[in-house]
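Got chain A sorted already, so can you dock chain B onto it with the hints?
Now for the letters of each chain:
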Amino acid sequence: MTNCCHSPLLGGKIKNNRGIMNMQLRPAVFLTFLLVLFVFSQPVSAAQASRIELKDSTVFENVFYRIDKTYKVVVVEVGDQEQNVSFTNIARILDSSGKDVTARCLGRHYLAPGTQAVEETSFKAQPEVPGRKKHPFGVAFRAGMNFSIPSGEWYEGTRSGLGFGGDMLVTVGRKLALRGMISRSGARHNPDELFAGGRVLEDNLSWNVWRYFLSLQYYNWPRWREDGRTMYYVFSGIGGVSHSLSGTAVVADPVGDVWLFSGTGQSETKFATTVGGGLVAMVSRTVGFELGAVVDIVFIGSTDEYDYSYGSGMSNVVTAGLIDLRLGVVFLIP
Amino acid sequence: MQHRSLLLTGLILLLGLVVLGCAKYKITTPLEQSLNTTSSWRIGEIRDGLQSDMDPEDKPDEFNIMKLKNFLKEELEKRNLFQETGLASSDQLEVTGNILEYKKGSGFVRALIGFGIGNAVLTIELELRNRTTGETLFAGNFKQTVSDWKESGEKCFKRVAKDFAKALEKQQKKLLKGS
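Same order as they appear, the protein sequences are chains A and B. Using our numbering, the first residue of the first sequence is number 1, and each one after it goes up by one. Using our numbering, the first residue of the second sequence is number 1, and each one after it goes up by one.
It is worth saying that the hints were derived from the structure and are not from the lab. Cβ coordinates follow ideal geometry from the N, Cα and C atoms, glycine included. Heads up, some of the hints might be wrong.
To give an idea of the chain B side of the interface with chain A (calculated C-beta under 7 angstroms), a few residues [claimed, not checked]:
id, residue
1, N80
2, L100
3, E125
4, K143
Okay, chain A solo, but in the shape it has when bound (with noise of 0.2 angstroms):
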């Protein structure tokens, strides 16, 4: 068979001399652009303020002005000179139309007025309340969908699509959890493009990825107590990624040839980290819906020779991906 089979994954040729986009100079790119937007990300564009009155009784009239809210502080163009002015100190800021935008400008540190910051005492170790949870949850469970987008060389010859799995948490201290993944990922075989050069007349092959993971988890949901809505999280583990292959394939070539391809039996277990993040829409004090994406990195190994059942060729592959967009429900135990 000519010309066909290209993908690693069915053991057939790699294509050669094929382009390959110089990886060395990313991680030097990558940095500067992060150097760049991290630099430059400060606000540089600056509001008009009819009156900006301060608790010393300081007032400035129609200044321009802009909030940092790295140092937490607003500052005050004053001729051609700058003033920080502390959060603590401002007392109110009309905008150039005369409205009281302190409210807006300071976020959650506007203190109302009359009110001033609360004394040294409030530092005091919390004492212990009866009955008062510590976590939001104990275990909980996770179910959904995931759609999953192959990535690398290593996975040319499939393509997207979707998936299902399911995860389980356990609380290991305040905000982390552990996590344990298992899922089928939606990554399909594309006949057309495995048998690339020749002509599919059937195809009953079935391509499974399967994925287990062990991950550290670190989770935030502000005021849980209170009800609130939201829990964000993000995490990262290792684990495997397990590919096989079943069914067959009936192929004729460029010549004419009519190959039958079979794929059962083969399958291969590769080592793979994992990391992803997302957020959780509590409907209730127990159930959620979890939307989420996940990058997994499968680590296909740095041979430069590989040897498959069905043949055997020279790769410099190192590492491939999956990648997913998850959509699940949530259960947790408290």
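Coordinates of chain B only, in the frame set by chain A:
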């Protein structure tokens, strides 16, 4: 090609460290008169200026506040800016603070997840004031972050104290040089 890429990445990281490692504060009240080195001083109250809806368990506790005060005391004593006499009622100057942002963080999470998750953060307004007149002599908002999993989150307190002392010393030197 690979060496060039590594060198470039290293240079960018170094530049990033220089930019990010600069003292992190904004002065709100610059020092206008040089300090009298015979003035006595003390560390005063550190108030809670955190978000009104913050869970009390997420706030710093009294031990954290005690450590912050000790770090401030150490850093200011190191610089011999004035004479310290402890908590005497005759102390003329006082350093007070107002915590505006606090995240305890977790070294464990920083190690295993990273990407900024689990960072310890402290933003605090610190001021040096005259106890007799109530006048604020020097003030600023100081911010520090611990993102290294090997470091304790308490490093935030130490670094903020250092930044405050250094900023005050810098202003004092500038005034003395000008006169």
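E125/B as chain A interface residue, shortest Cβ-Cβ below 7 angstroms: Status holds, d = 5 angstroms.
Chain A contact restraint for N80/B - C-beta distance below 7 angstroms: violated, 27 angstroms
Satisfaction of the L100/B interface hint, Cβ to chain A closer than 7 angstroms: With a minimum Cβ separation of about 5 angstroms from chain A (threshold 7 angstroms), the hint on L100/B holds.
Hint validity - K143/B Cβ closer than 7 angstroms to any chain A Cβ: holds, 6 angstroms
In the structure shown, a violation is registered for the earlier hint numbered 1 alone.
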